[in-house]
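Each residue of the sequence shown is one higher than the one before, counting from -12 in our numbering.
Hints were generated in silico from the structure; no laboratory data involved.
Please note that a few of the clues may not be correct.
Unchecked claim - Below 25 Å or equal to it, Euclidean Cα-Cα: the simulated DSS-like pairs (lysine-lysine) are:
#	residue 1	residue 2
1	K256	K290
2	K77	K103
3	K113	K77
4	K50	K113
5	K103	K50
6	K103	K113
Said to hold, decoys possible - Cβ-Cβ distance ranges computed for the label pairs, FRET-style:
#	residue 1	residue 2	range
7	A190	S243	19 to 25 Å
8	S243	E201	19 to 25 Å
9	L143	K290	22 to 28 Å
10	D192	Q141	21 to 27 Å
11	A270	R177	53 to 59 Å
12	D192	D78	43 to 49 Å
13	A154	K103	18 to 24 Å
14	R177	R122	26 to 32 Å
15	H279	R231	45 to 51 Å
Each residue gets a CB set at the ideal place from its N, CA and C atoms; glycine is no exception.
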Amino acid sequence: MNATRSRLRKFLRPAAAAGAMLAVLYLAWPPQRPAGPAPAPPQADHFAFVRSMEGTRPDGQVKTDSAERLLVDAELGYLFDYYLAGLGEKDLLAVRTEIERELDRRLRPAPAAEAKRLLASYLAYKRALADVEGRLPNSADMAAGARARLAAMQQLRPHYFTPQQIAGLFGGADAQAADTIARLELAADRSLTEAERQARVAALDQQLPPALREQRAAPTRVLRLEQSVQQLRAQGAGDNEIYRLRSAALSPEAASRLAEVDREDADWKRRIALYQAERRQLAAAAAGPSPHRAQVLRDAYFKPEEQRRLGAYE
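Could you build the full structure based on these sequences and the hints that come with them?
Here it is as structure tokens:
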């Protein structure tokens, strides 16, 4: 089971999940894109804005309507938050400048100007929110603390955004947060029997918007699919059969990605087996492999970034 979960991390995108710690993380950090494949954003350039972003591309599919008016939705917030995550490696002025450059690359002048005005409001809101959060009382009740923070955010937003902007930027995230808090409160309610608690959880599930319901169900569905894959492999199923199963359950694109994960895992296991066999031979031939010979052996099978994982196999 743990191996299956580890393999799925390469396929599944982050998703909000019920549970105490995840609720705190969800309410403390910007909302994440829903689980499942997302369209690739436009390629900007070949250089990461900060070192921690190497190997990534900016989040957020910033769009306009048929009249070239900016569409204010969660995707715009994803773009802002992607670059704001670089604070600490770059100062706020550099981060803001880079966001504005990205907006200019993606949008025509009029919607880009509108997006920049919204960015100014977004940054002012974030600064004010930090001040408000600093004044919130500590609460031993996790659900109560999370609800207080959500209420503080909602009360602050009208000072910086129109109702339409609030709905576009934060509507989906607020729905997720409210649902997670409700589940926390149910989990902590000792007056309920287990049957009553499960019935109320089921009622919450039914109240979820279809997109959010799908988001919550996707990780479990894929996990169960991979358990079925393991059973089929144990029965002798080949790669083509596995691909057809995944393609029918998910999509051809998802099946191809999971097949690539399979190939990478198989290649890793093959190299680990060869490496361990040669390492045992070196150990048997002398008092033990010298540091130099051990490093030569590592370099023969693994890239430098892969070698950080070898401690568990040595």
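Hints versus structure:
1. K256 to K290: Distance of about 15 Å is within 25 Å: holds.
2. K77 to K103: 19 Å, holds
3. K113 to K77: OK: K113 and K77 at ~17 Å, within 25 Å.
4. K50 to K113: Status holds; Cα separation ~23 Å.
5. K103 to K50: 14 Å, holds
6. K103 to K113: The given pair, whose Cα atoms are some 15 Å apart, holds under the 25 Å limit.
7. A190 to S243: 19 to 25 Å: 38 Å, violated
8. S243 to E201: 19 to 25 Å: At 21 Å between Cβs, range holds.
9. L143 to K290: 22 to 28 Å: With a Cβ separation near 47 Å, L143 and K290 fall outside 22 to 28 Å, so the hint is violated.
10. D192 to Q141: 21 to 27 Å: About 24 Å separates the Cβ atoms of D192 and Q141, which means 21 to 27 Å holds.
11. A270 to R177: 53 to 59 Å: Check passed, 57 Å falls within 53 to 59 Å.
12. D192 to D78: 43 to 49 Å: About 44 Å separates the Cβ atoms of D192 and D78, which means 43 to 49 Å holds.
13. A154 to K103: 18 to 24 Å: With Cβ atoms ~21 Å apart, the hint holds.
14. R177 to R122: 26 to 32 Å: About 31 Å separates the Cβ atoms of R177 and R122, which means 26 to 32 Å holds.
15. H279 to R231: 45 to 51 Å: Cβ of H279 to Cβ of R231: about 49 Å, so the range 45 to 51 Å holds.
Taken one by one, the earlier hints fail for this structure at numbers 7 and 9, listed in ascending order.
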